[in-house]
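Use these hints to put chain Y onto chain L, whose structure you have.
Chains L and Y, in that order, give the protein sequences.
Going by this note's numbering, the first residue of the first sequence is number 1, and it counts up by one from there.
Going by this note's numbering, the first residue of the second sequence is number 1, and it counts up by one from there.
All clues given are correct.
Have a look at the derived ranges for each label pair, beta carbon to beta carbon:
| # | chain 1 | residue 1 | chain 2 | residue 2 | range |
| --- | --- | --- | --- | --- | --- |
| 1 | L | 130 | Y | 369 | 24 to 34 Å |
| 2 | Y | 238 | L | 270 | 52 to 62 Å |
| 3 | Y | 222 | L | 124 | 51 to 61 Å |
| 4 | Y | 325 | L | 104 | 17 to 27 Å |
If you want a taste of the chain L side facing chain Y, the calculated C-beta under 10 Å gives, among others:
| # | residue |
| --- | --- |
| 5 | 102 |
| 6 | 103 |
| 7 | 106 |
| 8 | 109 |
| 9 | 118 |
| 10 | 298 |
Derived from the structure by calculation, the hints contain no laboratory data.
All C-beta atoms, glycine included, are put in the ideal place defined by N, C-alpha and C.
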Amino acid sequence: MASGLVLLTGPFCFMAQGQDYVDVEAERAARAGSSAPAAVTPQSSPGPASDPYGVQPTRSYPATSYGLNRAPAAPATTSAPAPATSGGQNVGTLFLQMQQLQQEVMRLNGMVEEQANELRKLKAQSLERYVDLDKRISGMGPGSAASVASGDNTPSVATAPAQPMASGQGASLPGESDAYRSAYSLVRGQQFGQAVDAFTQFLRNFPDGKYAPNAHYWLGELYLVIDPPDLEASRQSFSLLLSQYPDNAKAPDAMYKLGKVQYLKGNREKSREYLERVVRDYGNTNSSAVKLSRDFLEENF
Amino acid sequence: MKRLMLAIAPLLLALAALDARAQLTIEITQGMDNPTAIAVVPFAWQGSGTAPEDVAWVVDSDLARSGQFAPVARSDMLGRPSTQKDIFYRDWRAIESEYLLIGRASAEGAQMRIEYELYDVNRQKMVHSGVETGPANEARMLAHRVSDAVYEKLTGITGAFATRLLYVSVTRVPGGKDYYRLTLADSDGARPIVLLESREPVLAPGWSPDGSQISYVSFETGRPAIYRQNLATGTREQLTNFKGLNGAPAWSPDGNTMAMVLSKDGSPDIYLMNLSTKKLTRVTRHYAIDTEPTWMPDGRSLLFTSDRGGRPQIYRYDLRTGTTERVTFEGGYNARARVAQDGRNVVMVHQQSGRFHIAILDLVTNRLQVLTSTELDESPSIAPNGSMVLYATKRGDRGILAAVSVDGGVKFRLPSREGDVREPAWSPYMGR
Numbered sequence: 001m002a003s004g005l006v007l008l009t010g011p012f013c014f015m016a017q018g019q020d021y022v023d024v025e026a027e028r029a030a031r032a033g034s035s036a037p038a039a040v041t042p043q044s045s046p047g048p049a050s051d052p053y054g055v056q057p058t059r060s061y062p063a064t065s066y067g068l069n070r071a072p073a074a075p076a077t078t079s080a081p082a083p084a085t086s087g088g089q090n091v092g093t094l095f096l097q098m099q100q101l102q103q104e105v106m107r108l109n110g111m112v113e114e115q116a117n118e119l120r121k122l123k124a125q126s127l128e129r130y131v132d133l134d135k136r137i138s139g140m141g142p143g144s145a146a147s148v149a150s151g152d153n154t155p156s157v158a159t160a161p162a163q164p165m166a167s168g169q170g171a172s173l174p175g176e177s178d179a180y181r182s183a184y185s186l187v188r189g190q191q192f193g194q195a196v197d198a199f200t201q202f203l204r205n206f207p208d209g210k211y212a213p214n215a216h217y218w219l220g221e222l223y224l225v226i227d228p229p230d231l232e233a234s235r236q237s238f239s240l241l242l243s244q245y246p247d248n249a250k251a252p253d254a255m256y257k258l259g260k261v262q263y264l265k266g267n268r269e270k271s272r273e274y275l276e277r278v279v280r281d282y283g284n285t286n287s288s289a290v291k292l293s294r295d296f297l298e299e300n301f
Numbered sequence: 001m002k003r004l005m006l007a008i009a010p011l012l013l014a015l016a017a018l019d020a021r022a023q024l025t026i027e028i029t030q031g032m033d034n035p036t037a038i039a040v041v042p043f044a045w046q047g048s049g050t051a052p053e054d055v056a057w058v059v060d061s062d063l064a065r066s067g068q069f070a071p072v073a074r075s076d077m078l079g080r081p082s083t084q085k086d087i088f089y090r091d092w093r094a095i096e097s098e099y100l101l102i103g104r105a106s107a108e109g110a111q112m113r114i115e116y117e118l119y120d121v122n123r124q125k126m127v128h129s130g131v132e133t134g135p136a137n138e139a140r141m142l143a144h145r146v147s148d149a150v151y152e153k154l155t156g157i158t159g160a161f162a163t164r165l166l167y168v169s170v171t172r173v174p175g176g177k178d179y180y181r182l183t184l185a186d187s188d189g190a191r192p193i194v195l196l197e198s199r200e201p202v203l204a205p206g207w208s209p210d211g212s213q214i215s216y217v218s219f220e221t222g223r224p225a226i227y228r229q230n231l232a233t234g235t236r237e238q239l240t241n242f243k244g245l246n247g248a249p250a251w252s253p254d255g256n257t258m259a260m261v262l263s264k265d266g267s268p269d270i271y272l273m274n275l276s277t278k279k280l281t282r283v284t285r286h287y288a289i290d291t292e293p294t295w296m297p298d299g300r301s302l303l304f305t306s307d308r309g310g311r312p313q314i315y316r317y318d319l320r321t322g323t324t325e326r327v328t329f330e331g332g333y334n335a336r337a338r339v340a341q342d343g344r345n346v347v348m349v350h351q352q353s354g355r356f357h358i359a360i361l362d363l364v365t366n367r368l369q370v371l372t373s374t375e376l377d378e379s380p381s382i383a384p385n386g387s388m389v390l391y392a393t394k395r396g397d398r399g400i401l402a403a404v405s406v407d408g409g410v411k412f413r414l415p416s417r418e419g420d421v422r423e424p425a426w427s428p429y430m431g432r
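In isolation and in its complexed conformation, chain L is listed as follows:
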């Protein structure tokens, strides 16, 4: 209950408690060895103004006792080697000292927790930065211009398969590589309409070629950037890639793109399904499509 209330009554409770501790301890010491019940409960009187289970945020010693001003602790150290005649007092000081140590440990504990959390956050951040950097460096090959060319500012395109990917084990068919490269050069030259024709022709000539999945992917991208965009053709290209080459490295990207295409088509539910599938199916891979899907989901749903 009353957290605010507690704050107000907290210091008072603490003072009362502190007194209790000392009194009980002193009493116990005075009884010298009798097995008095040891349980000391920091319970405050059960009045309506007190909080019987709430946290008492100000249950600490004054801040000065932590800092340079060690006045409360000083008498304890000097009185520690005092003669045994003042045993009761000794136990009292020891108790106070222990309480101080507990407070100190709690404070340090809090610092360790917070710093561990900061470290965790920093680690995650630096990993993210590394992945981002890695992605950009690997995109600096022939595909570097692709992100510009495709007119899509998402980084997934930077990793688009300009460079032949080891999707199939077989070598490329004669002439396939050249045909793919010439089609791709049209993308780089921003001649999107001609690129569509070139990739379509490429797929007609090499329907099972090594670069066929790449061609499907590019067609999907290209249908989105031609004027006017052909959402349905784009959807078909990405779907083809997914259904025929489900294990292709571009599968998560194609799935993400399908999510975007469905979103553009106004099919929010389908879009969401694809995006969530990316997160679910590829969440444990380092595919950039996962993060893009997450971001897209967060921004638009």
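Same frame as chain L, but now just chain Y:
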């Protein structure tokens, strides 16, 4: 026990009517930018005499309170259809109502029957229809169920109108001992029933996961003890009577175990009590204060407040591995967590620039959002559908209940006409 003035529900049912003055009233303080316009036409009464309850008005108020709907004023309605053939869509398009709810209520003996249909005005189509039946003296509950169905149909979120609230109201007696009343009310604050009245503090009310029982702490014996009480039978059981603190009971999601705070072994620590064997298991063992346990919906871990890090923060204890990890890092004070049924959103009391607000933490993104702008906010309790957070706050010098949607967009107050109201506990879904 002599200080206990009244107890146990059955005795008090008769008193419920007398207690209408303690009823909570609702003021909406902030709504959504684009609430959906809906016309809730007064339902036709097909029984004898007058209708026991204005069902449509209850639905109207429920939808308005959600902030997601803007019900059309009755005075603006150009017709009062109660069957499909009487509907003239142009009447409703003229007043820009997007949806139309019509219905009929009838009674047979003590049984009441409500039939209703929901229409999309623009598409001129019925989108939902339903029937609710039940005892006539539960007419308001039936109406809330209609609200739940309409709300779910139009928002896709399960409604939480047919639920109940527990809260403690305190009537100050100048120069004397205060009255503490543990009160049960509908989710809109209507029909309050006093379950327990005492001159000693009553605290920390909570629900069993099926909503059939409640738990609370009462000082009626002069010291704190945890009780559980069956709402239908009124049977009451004292669960603890330990030296020191006995507080913050929290029912496990399976209903078999109760987490609680006891200080019998020194400083306050979290314990689990098996409710059938009454066997205790100690969960935390720390010289710091560990308190306010609450269960994650999967029952596998507990959240609790501890100052083991020097200041109160939320920690999570994993019951299988026995490990404790800190959950909150933002701000110097985070306490009294409650978890939504999705296991993702956690509401808590959060201190920001010296003021106590209600904040919500997303456990997946670790993003913390402050929801309230009032001060001295405390005791957040989350609706079973996770959409609204009920909490206690101060208005003037009075303690009142207020609610805020989990996105902070909708706010309303439930001020009591008398006394201080505190420690709300939103029930789980009832009878499902």
